[in-house]
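Chains A and B, in that order, are what the protein sequence lines are.
Residues 0 to 169 in numbering that gives the first Met the number 0 are what the first sequence spells out, letter by letter.
Residues 0 to 226 in numbering that gives the first Met the number 0 are what the second sequence spells out, letter by letter.
Source of the hints: derived by calculation from the structure; they are not laboratory data.
Any given hint could turn out to be false.
[To be verified] With a Cα cut of at most 25 Å, we get these calculated PhoX-like pairs of lysine-lysine:
#1 B:116 to A:104
#2 A:158 to B:150
#3 A:99 to A:75
#4 A:88 to B:76
#5 B:116 to B:150
[Said to hold, decoys possible] One-sided excerpt, in silico: chain A residues whose CB lies under 10 Å from chain B:
#6 62
#7 65
#8 68
#9 71
#10 74
#11 78
#12 98
#13 126
#14 134
Even glycine gets a Cβ: it sits at the ideal position worked out from N, Cα and C.
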Amino acid sequence: MIPQYQAIQHPMVPAYCSLSAESIENRPKDTYTILYSPNTSSVKISMPITQSNTTSSIRKNSAEYNHLLTNCPWVKDFLQTAHHLNEVKSLLPYYSEINKLIATKKFNLCNIFLREVRPQELSDVLLVGLLRLTFSWKNDLPNWSILLERTKQELSNRKYDSNSLLRGLV
Amino acid sequence: MQINSAYDNPFTNVDSIGIAIGRPDFQRDQQHIGILFIDQDQLPKCLHLAWHFDLRKDTPNPKKYLWLNVPIDPINKIHLATVCELIFQSNIDRIPYGISMEGTGFSEDGTFITEHKFAGLTCATFVIQVFHSQGYKIVDVENWCERDDDKVWQSSILRCLEEGGASAEHVEFQRQQIPKGAARFRPEEVAAAASLPGQPYGLEHIIEPAKQILDAISHFISDHPRG
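Take these sequences, add in the hints, and give me the full structure.
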């Protein structure tokens, strides 16, 4: 099958760069190329479109995000697979990791984690599960309320009754 | 409220999570309750506080337990089943037995927490706290009435704790709770509250469905004698 390509057109003459500043989720580095111009912030991304990467998105590697990845390397796998985590066996390792963050009161890391989560990339169970796992500490997690609002919207997009699914949380 | 026997409706038919209740010891007029759930290996298991620092996840015995569904959507049921696994892994030997649930609970990460060193749970209050920790209030704890025969049961539990090797400090703490008015949540009442829509329930609205469960257990025992 001939792969389709999507590209952001850029008028500048591109140059190759390493991927130290930005990366693309859900995708090994050798499956895509980032072209950039040194005098703009724009990038040109060229990669095959397949069913598995249609929800991929660029996540800025901020200092906080790097801090999260350094301290919680499981987050990288989580973000790449979150859409498919709908069973006890696949959810449990991540629930345990979030458990550790809360149990050791690493609220700053947990707060960054909640910020980096994108509801549209979460499985149905994780949409409610992340909020339920963390709601007792919502006063220590400023991003909890933000995630709640984004989750309501995503549940609505998926044609679910958010009031019913988030019972006890709202 | 549908009360299921595993002979007619196998435990494997539970939709991720439900309630298991029975009278494991025929010689005692005492019910036991646990959470029936499908574990990470896709097997039906019962998570229950068997006794003092004795949390178990075991295969439910169809000769001993009936089961009920809970009125929760399938998505949240999978979340709760995962939480059951998490609670078991985090608390295998960490939950003391205690007659008053005041100041106890599970944090949302599944860890048992208590305001007092010697506070603990019963099999029934364990089930309550698992649901409440995830935002599902099944009983109205604040307005649960204390009954005269609660103290009789509580005194018998104290004797069992003493004979079972609980520390003197732990037993003494439990003893101090009785005159304070520690209301008892009976297994059949918690089973009824967890399996009926419209939660949370106060005691007055749950007495009749709890009686139905007790009757079902009695019929089940007489229909399936265990020699």
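To see whether the hints hold, each was checked on the structure:
no.: 1; hint: B:116 to A:104; in the structure: 20 Å, holds
no.: 2; hint: A:158 to B:150; in the structure: 50 Å, violated
no.: 3; hint: A:99 to A:75; in the structure: 17 Å, holds
no.: 4; hint: A:88 to B:76; in the structure: 14 Å, holds
no.: 5; hint: B:116 to B:150; in the structure: 22 Å, holds
no.: 6; hint: 62; in the structure: 27 Å, violated
no.: 7; hint: 65; in the structure: 25 Å, violated
no.: 8; hint: 68; in the structure: 21 Å, violated
no.: 9; hint: 71; in the structure: 14 Å, violated
no.: 10; hint: 74; in the structure: 16 Å, violated
no.: 11; hint: 78; in the structure: 19 Å, violated
no.: 12; hint: 98; in the structure: 4 Å, holds
no.: 13; hint: 126; in the structure: 8 Å, holds
no.: 14; hint: 134; in the structure: 6 Å, holds
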